[in-house]
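**Q** Below are the chains, spelled out letter by letter.
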Amino acid sequence: MRVLVCVKRVPAPGAKINITEDGQSVDATNLGHTMSPHEECALELAVQLIEAHGGESHVLTLGTAEADEQCRWAASIGISKATLVDAGSMDWDPQRTASAITDSIRSIEEADGGFDVMIFGNESADTGGFQVGVRVSRALGRPMVNAIKGVEVDLEADGKGATLEARRETDNGFEVYQLPMPCAIGVKEGITWPRYPTMRGRLASKKLAVDVAVSDAVPGGQMKVRLNRPEEKVSETVILGHGSEAAPAVVELLKELGLMS
Amino acid sequence: MSVLVVIEHDRDQLADASLEALAFAADVAAQLGVDVEALLIGVDAVSLADECAAHGASTVHHVADASLTDYGPDAYGGAVASAAGVLSPSAIVASGSDRGNEVLAYAAAELDLPFVANCLAVKTADDWEMTRVQWGGSLNEEARLASSMPILSVASHAAEVAEPVTGATATVQTLEVTLPESATATMIQDRIVLSEGVTLATAPVVVGGGRGVGSAEGFEVLEALAAKLGGIVGCSRAVTNNGWRPHADQVGQTGTRIAPQLYIACGISGAIQHWVGAKAAKKILAINTDPAANMVVKADYAVIGDLFDVLPAITDIT
Ligand SMILES: Cc1cc2nc3c(=O)[nH]c(=O)nc-3n(C[C@H](O)[C@H](O)[C@H](O)COP(=O)(O)OP(=O)(O)OC[C@H]3O[C@@H](n4cnc5c(N)ncnc54)[C@H](O)[C@@H]3O)c2cc1C
Ligand SMILES: Nc1ncnc2c1ncn2[C@@H]1O[C@H](COP(=O)(O)O)[C@@H](O)[C@H]1O
Numbered sequence: 001m002r003v004l005v006c007v008k009r010v011p012a013p014g015a016k017i018n019i020t021e022d023g024q025s026v027d028a029t030n031l032g033h034t035m036s037p038h039e040e041c042a043l044e045l046a047v048q049l050i051e052a053h054g055g056e057s058h059v060l061t062l063g064t065a066e067a068d069e070q071c072r073w074a075a076s077i078g079i080s081k082a083t084l085v086d087a088g089s090m091d092w093d094p095q096r097t098a099s100a101i102t103d104s105i106r107s108i109e110e111a112d113g114g115f116d117v118m119i120f121g122n123e124s125a126d127t128g129g130f131q132v133g134v135r136v137s138r139a140l141g142r143p144m145v146n147a148i149k150g151v152e153v154d155l156e157a158d159g160k161g162a163t164l165e166a167r168r169e170t171d172n173g174f175e176v177y178q179l180p181m182p183c184a185i186g187v188k189e190g191i192t193w194p195r196y197p198t199m200r201g202r203l204a205s206k207k208l209a210v211d212v213a214v215s216d217a218v219p220g221g222q223m224k225v226r227l228n229r230p231e232e233k234v235s236e237t238v239i240l241g242h243g244s245e246a247a248p249a250v251v252e253l254l255k256e257l258g259l260m261s
Numbered sequence: 262m263s264v265l266v267v268i269e270h271d272r273d274q275l276a277d278a279s280l281e282a283l284a285f286a287a288d289v290a291a292q293l294g295v296d297v298e299a300l301l302i303g304v305d306a307v308s309l310a311d312e313c314a315a316h317g318a319s320t321v322h323h324v325a326d327a328s329l330t331d332y333g334p335d336a337y338g339g340a341v342a343s344a345a346g347v348l349s350p351s352a353i354v355a356s357g358s359d360r361g362n363e364v365l366a367y368a369a370a371e372l373d374l375p376f377v378a379n380c381l382a383v384k385t386a387d388d389w390e391m392t393r394v395q396w397g398g399s400l401n402e403e404a405r406l407a408s409s410m411p412i413l414s415v416a417s418h419a420a421e422v423a424e425p426v427t428g429a430t431a432t433v434q435t436l437e438v439t440l441p442e443s444a445t446a447t448m449i450q451d452r453i454v455l456s457e458g459v460t461l462a463t464a465p466v467v468v469g470g471g472r473g474v475g476s477a478e479g480f481e482v483l484e485a486l487a488a489k490l491g492g493i494v495g496c497s498r499a500v501t502n503n504g505w506r507p508h509a510d511q512v513g514q515t516g517t518r519i520a521p522q523l524y525i526a527c528g529i530s531g532a533i534q535h536w537v538g539a540k541a542a543k544k545i546l547a548i549n550t551d552p553a554a555n556m557v558v559k560a561d562y563a564v565i566g567d568l569f570d571v572l573p574a575i576t577d578i579t
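Residue numbers (the working numbering), protein chains in the order written: chain A, 1 to 261; chain B, 262 to 579.
By construction, these hints were calculated from the structure, which means they are not laboratory data. Among these hints, one or two may not hold up.
[Unchecked claim] List of simulated lysine-lysine pairs, DSSO-like, C-alpha gap at most 27 Å:
| hint | chain 1 | residue 1 | chain 2 | residue 2 |
| --- | --- | --- | --- | --- |
| 1 | B | K489 | B | K543 |
| 2 | A | K160 | A | K149 |
| 3 | A | K255 | B | K544 |
| 4 | A | K224 | B | K384 |
| 5 | B | K540 | A | K233 |
| 6 | A | K16 | A | K224 |
| 7 | B | K489 | B | K544 |
| 8 | A | K149 | B | K540 |
| 9 | B | K540 | B | K489 |
| 10 | A | K149 | A | K81 |
| 11 | A | K255 | B | K540 |
| 12 | A | K233 | B | K544 |
| 13 | A | K233 | A | K16 |
| 14 | B | K543 | A | K233 |
| 15 | A | K206 | A | K81 |
| 16 | A | K81 | A | K207 |
| 17 | B | K543 | A | K16 |
| 18 | B | K384 | A | K233 |
[Unchecked claim] Heads up, incomplete: computed chain A residues facing chain B, CB under 7 Å, no partners named:
| hint | residue |
| --- | --- |
| 19 | P13 |
| 20 | G129 |
| 21 | A147 |
| 22 | E175 |
| 23 | G220 |
| 24 | N228 |
| 25 | S235 |
| 26 | V238 |
| 27 | L240 |
| 28 | G241 |
[What the hints assert, rightly or not] Going by beta-carbon spacing under 10 Å, a handful of chain A positions derived as facing chain B:
| hint | residue |
| --- | --- |
| 29 | H38 |
| 30 | F130 |
| 31 | R142 |
| 32 | E165 |
| 33 | F174 |
| 34 | Q178 |
| 35 | Q222 |
| 36 | R226 |
| 37 | H242 |
| 38 | E245 |
| 39 | P248 |
In this text, a Cβ means the ideal position worked out from N, Cα and C, and glycines have one as well.
I would like the entire structure built from these sequences, with the hints used as guidance.
**A** If you want it as structure tokens, here you go:
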């Protein structure tokens, strides 16, 4: 089978997210870059599906040329092919992003054959638009469900053709969807447990040929004006004490809050 | 003209988030000088009409297509797009939940219009301006929207649910829609019920552990305190990444958002992605060896010290 994963390069902030002076982006000076944990799980799931059923996995990213790093990370855990749509910026709106990704998938499929499964993150780590996967899947005419936390692929579901069973978590269990393949899912962290790259994987990823594409997709209707940090309540932290000697003060607090009698 | 609210329900049980969407829509509608109307999708969902009226919907449009036996994003999104064609609302609003966002993404794709997810506030003008959530709540984005029919979802807790108007009854109108042929492919086929007691999302006390706990076994001291307080154990992503706890226990941007009376955060540095999942706690007590840790600085209370000294000492006297 053939599996596609879409990932987005984002800065990896620590205790606090700083914004550049012009308010246009996260200040990534001194920051590394990463992707959403949802997307890390999407990559792991793709590798597992190929391990179980055979075939080929492909990672696709749209952003700056530096997103090459995320393609190689994907390769280091076992993804076999990579395409980078060089948008020159990490700032394309959801419609434009989806349209460019759709075009890119069409040309990959023309060359290499159709994808049986396309895997997206539930939402991107930074802009969180909750839509690129749905838009791409609609444009390609494939069923898509988001917020998926469990998957089982049955390539010969009795007479029904290949089927992907997808599970979405609810307050008290799971909803089950049965998608005819080819199909798409948006996954949440927890669906798999991403492996760390091995030394061999890292070395192999250096040799990956990342296919760089460009896009003429036009901007959509949503425009970023600026970023702000939300107001936060500032609390003066009350230090209850040091080490085990603080225990009575903690118990007092628990009583005060009505959490014990 | 109206602001059309897509009402989220599960087999005719209203989702609380829908009430927030109705409250948010009331503000948008007031700015535009139009009414709030509700869209109820599903044969029996009409039973929710009066509840929608009590929360501000003047008219309820009911989509009763016989094929809409259960939730499916394509069917619901298709119904919204079709309803938009018939009703020409000024805007479409839904809750920023898994389903709400998914349905609006489908509808927007169908209508080839923008969709702005998780809005906190909206100013209507020629180009609408909105504040929306980025980074799972760590940042806000000011955005502008050029669209003939704004489609937006409402971030969780962005609007306060209004007191219901007693005795309100809705004008119900049945709406014929055309559903996409593909609709059945994404419909719920089955449900698996795992009954659970207290969950992370609803527990009154959460005792959270981070990398500072050091191992899976290390969590025993957290379990012991949680058991005494009728609480539940949570953790940071460093912990799930190390395989010490299952992902279901993770608090944060890509884990569970908690809102307990008290969150006791032990050996957790308080990275922004963890904080956004914990900040709705009424009170936070940090236990950390590092007095400068972000968790300590932001908490209401803190104990400076080794969690393996502090926790057993508390458990002993509770
Ligand atoms: C897009 C994205 C999404 C993310 N989503 C999440 C999420 O949902 N949830 C989440 O938690 N993280 C998330 N993260 C990861 C996050 O950035 C941090 O890496 C993570 O929260 C750190 O976990 P930690 O605080 O346990 O570990 P650390 O940052 O290593 O902190 C350990 C703390 O323990 C203290 N300590 C050590 N020993 C002891 C001891 N014996 N007693 C007391 N204190 C001790 C130290 O002083 C330190 O403060 C996400 C990251 C990204 C990029
Ligand atoms: N620039 C991008 N490059 C590749 N994939 C993307 C990009 N933006 C979004 N996606 C994919 O679409 C999912 C949903 O994104 P969003 O609609 O931005 O929340 C992400 O988790 C990715 O899988």
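**Q** Now look at each hint and say whether the structure bears it out.
**A** Against the structure, the hints come out as follows:
1. Proximity of K489(B) to K543(B) is assessed by CA-CA distance (about 20 Å); at most 27 Å being required, the pair is judged to hold.
2. Between K160(A) and K149(A), the direct Cα distance comes to roughly 23 Å. Compliance with the 27 Å bound is thereby established for this hinted pair.
3. With a C-alpha separation of about 13 Å, the suggested pair K255(A) and K544(B) falls inside the 27 Å cut-off, and the hint holds.
4. At roughly 15 Å between alpha-carbon atoms, K224(A) and K384(B) fall within 27 Å of each other, so this suggested pair holds.
5. Restraint check: the Cα-Cα separation between K540(B) and K233(A) comes to about 10 Å, which is no more than 27 Å; the hinted pair holds.
6. Distance restraint check for K16(A) and K224(A): the Cα-Cα separation of roughly 21 Å lies within the 27 Å cut-off, and the hinted pair is therefore satisfied.
7. Under the criterion of a C-alpha separation no larger than 27 Å, the hint pairing K489(B) with K544(B) is consistent with the structure, at around 18 Å.
8. For the proposed pair K149(A) and K540(B), the alpha carbon gap of about 25 Å is at most 27 Å, so the pair holds.
9. At most 27 Å may separate the alpha-carbon atoms for a hinted pair to count; K540(B) and K489(B) meet this at roughly 23 Å.
10. Restraint check: the Cα-Cα separation between K149(A) and K81(A) comes to about 25 Å, which is no more than 27 Å; the hinted pair holds.
11. For the suggested pair K255(A) and K540(B), the alpha carbons sit about 22 Å apart, so the restraint of at most 27 Å is met.
12. Distance restraint check for K233(A) and K544(B): the Cα-Cα separation of roughly 12 Å lies within the 27 Å cut-off, and the hinted pair is therefore satisfied.
13. At roughly 15 Å between alpha-carbon atoms, K233(A) and K16(A) fall within 27 Å of each other, so this suggested pair holds.
14. Straight-line distance between C-alpha atoms of K543(B) and K233(A) comes to about 12 Å, which keeps the hinted pair within the 27 Å bound.
15. The straight-line distance between the Cα atoms of K206(A) and K81(A) is roughly 12 Å, inside the 27 Å bound, and the hint therefore holds.
16. Taking the CA atoms of K81(A) and K207(A), the gap is about 11 Å. The hint holds against a cut of 27 Å.
17. Proposed proximity of K543(B) and K16(A) is supported: the alpha carbons are some 21 Å apart, at most 27 Å.
18. Restraint check: the Cα-Cα separation between K384(B) and K233(A) comes to about 25 Å, which is no more than 27 Å; the hinted pair holds.
19. Among the interface hints, the one on P13(A) holds; its C-beta lies about 6 Å from the nearest C-beta in chain B, closer than the 7 Å criterion.
20. Taken as an interface hint, G129(A) checks out: its beta carbon lies about 5 Å from the nearest beta carbon of chain B, inside 7 Å.
21. With 7 Å as the threshold, the beta carbon of A147(A) comes within range of chain B, its nearest partner Cβ sitting at about 4 Å, so the hint holds.
22. Among the interface hints, the one on E175(A) holds; its C-beta lies about 5 Å from the nearest C-beta in chain B, closer than the 7 Å criterion.
23. Here the hint on G220(A) is kept, as its CB sits about 5 Å from the closest CB of chain B, short of 7 Å.
24. Hint status for N228(A) relative to chain B: holds, with the closest Cβ pair at about 5 Å, below 7 Å.
25. The beta carbon of S235(A) comes within 5 Å of a beta carbon in chain B, closer than 7 Å, and the hint placing it at the interface holds.
26. Restraint check, V238(A) versus chain B: the minimum CB separation of about 5 Å is within 7 Å; hint holds.
27. Proximity of L240(A) to chain B holds as hinted, the smallest CB-CB distance being about 5 Å (cut-off 7 Å).
28. Interface hint at G241(A): satisfied, since its Cβ lies 6 Å from the closest Cβ of chain B, which is below the 7 Å cut-off.
29. The restraint placing H38(A) at the interface with chain B holds, with a minimum CB-CB distance near 6 Å, inside the 10 Å limit.
30. Using the Cβ-Cβ criterion of 10 Å, the hint placing F130(A) at the interface with chain B is satisfied: the shortest such distance is roughly 4 Å.
31. Of the supplied interface hints, the one on R142(A) holds, with its beta-carbon coming within about 9 Å of a beta-carbon of chain B, less than 10 Å.
32. Hint status for E165(A): holds, given a least beta-carbon distance of 8 Å to chain B, under 10 Å.
33. Here the hint on F174(A) is kept, as its CB sits about 4 Å from the closest CB of chain B, short of 10 Å.
34. The interface hint given for Q178(A) is met, as the beta carbon of that residue sits about 5 Å from the closest beta carbon of chain B, less than 10 Å.
35. For Q222(A), the interface hint holds, the least distance from its beta-carbon to any beta-carbon of chain B being 5 Å, beneath 10 Å.
36. The beta carbon of R226(A) comes within 5 Å of a beta carbon in chain B, closer than 10 Å, and the hint placing it at the interface holds.
37. Because the closest C-beta pair between H242(A) and chain B is about 5 Å apart, less than 10 Å, the hint holds.
38. With a least beta-carbon distance of about 8 Å to chain B, the hint placing E245(A) at the interface is held under the 10 Å criterion.
39. This hint holds: P248(A) has a C-beta 7 Å from the nearest C-beta of chain B, less than the 10 Å allowed.
Consistency note: the structure conflicts with none of the earlier hints.
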